[in-house]
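Starting from the structure of chain U, add chain E where the hints point.
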Amino acid sequence: MKDFRVTPIRNGTVIDHIDCGMALKVLRIIGVTGENVRSTVSVLMHVPSKKAGWKDVVKVEDRELDPREVDKISLISPRATINIIRDFNVAEKYRVKLPEVVRGIVRCGNPNCITNLAEPVESEFIVESQNPSVLRCIYCDRILEDISEHII
Amino acid sequence: MSDFKGSDVVSIRDLSKGRIEQVLALSEKMIPYARGEKSTKALDGRILANLFFEPSTRTRLSFESAMVRLGGRVIDVAYPAMTSVAKGETLADTIRMVESYSDVIVLRHPHEGAARLAAHFSTKPVINAGDGAGQHPTQTLLDLFTIRREKGKIEGMHIVMVGDLKYGRTAHSLAEALSLLGAELTFVAPQNLQMPRETVKEVERLGIKPKLASKIDDAIPQADVLYVTRIQRERFPDPSEYLKVAGSYRIDKNLLREAKKDLIVMHPLPRIDEIAPEVDNTPHARYFQQAFNGVPVRMAILLLVLGAEANEGF
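Just so you know, the sequences run in chain order U and E. Going left to right, the first sequence walks through residues 1 to 152 as the numbering used here numbers them. Going left to right, the second sequence walks through residues 1001 to 1314 as the numbering used here numbers them.
Everything labelled a hint here was simulated from the structure, so no lab data went into it. Model, not experiment: these values are computed from the prediction. Certain hints may be false.
[To be verified] The calculated SDA-like cross-link candidates involving lysine to any residue, where the alpha carbons are at most 20 Å apart (straight line), are:
id, chain 1, residue 1, chain 2, residue 2
1, E, 1201, U, 142
2, E, 1166, U, 136
3, E, 1201, U, 53
4, E, 1153, E, 1016
5, E, 1201, U, 128
6, E, 1201, U, 145
Looking at chain U on its own, in the form it has when it is part of the complex:
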């Protein structure tokens, strides 16, 4: 950790191996938008990674993520890992994994898709590829381009 310019955290979540450049999108997913934040959030962008050249890292103190947030992160950064820290120790560590079907966390990019109207249905996508993420809308059959812009 000596390369890092921030100190270890006591309790919270470290989201590691975020695709380079995606850290700010991860912040948006976990709802770190400014005034609503009650604990320290550290963001490291473009740091060296042993696995894949460069990576981003986000540390959120005193907070654990819910499964929907983890699924959303997996959409924009399929190699990310989640480390849950309790009392300075890594209590849990896992890699994000996209489910086979993604429901209700992204909206269809096709403005003419029926799911973008006021119908009582959640969006639903078949995951055709994990890395890179390729999602096909089960309603209009289109491939979703630019996934990060369509996260709900």
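Just chain E now, with coordinates in the frame of chain U:
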């Protein structure tokens, strides 16, 4: 009992090769009934709800004709602008209401995915009659049926598709279904209207290597089937560019001089001027036959989804 009974027909991708064959075989048997030479009451007492939220002539009338020829009845929404939909009712609610009045629902809707949504909410079979720029599976089935009926088979036939292959609703699903059935394919279109890469990839995944071309003349001599679609004016910002491009894909007698004797020319209709009227009287023209084939094919689909194909031993 048929395994088809109760199924929705939303996308041609939902149908296996076996099911497509089943529809085509039953369609063949429906021809004398569709022509009115034989009569049947196979769907006596059954009700079809025709829900057309967009204008249509052929699809709507041929579904109605198909149901009536089978002894069933049709209810419909003639003017969606005057219904509860215009008052802001969701499609989901409309469908839940209509399914309680009918045994099968035929839906055309301006939004992509509408038929899948309807199928989600309906316990009765839903047949997609076109959803926006999306799927139109019964058109694909009647195109396949026309080729098989006219040429005897689909496998190994050389199908040349020409026109607007990018936006044309029928072009993508037809190309995929033809590949599934082993046809050879050539796509002829101006560069900005060529078959989308996604569809080309899907065709290749199914084991067919399609040829892509921008000139129609070179593709004619090898063709067994020429499938023509309309190039729409609104795809071109410059009207003179449109006229130039559309003109270079116009099918006329002169162009067909190089064609095989038994080449057939198909078109989903309506045509504007992409096929010259002089072609109508040549032995190549099959587009009106193709439009008629909508009736036997839709009869077959109705019998299968309602599980009534064995009723009269068809």
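Problem - Hint numbers contradicted by this structure - result: Of the numbered hints, just 3 does not hold.
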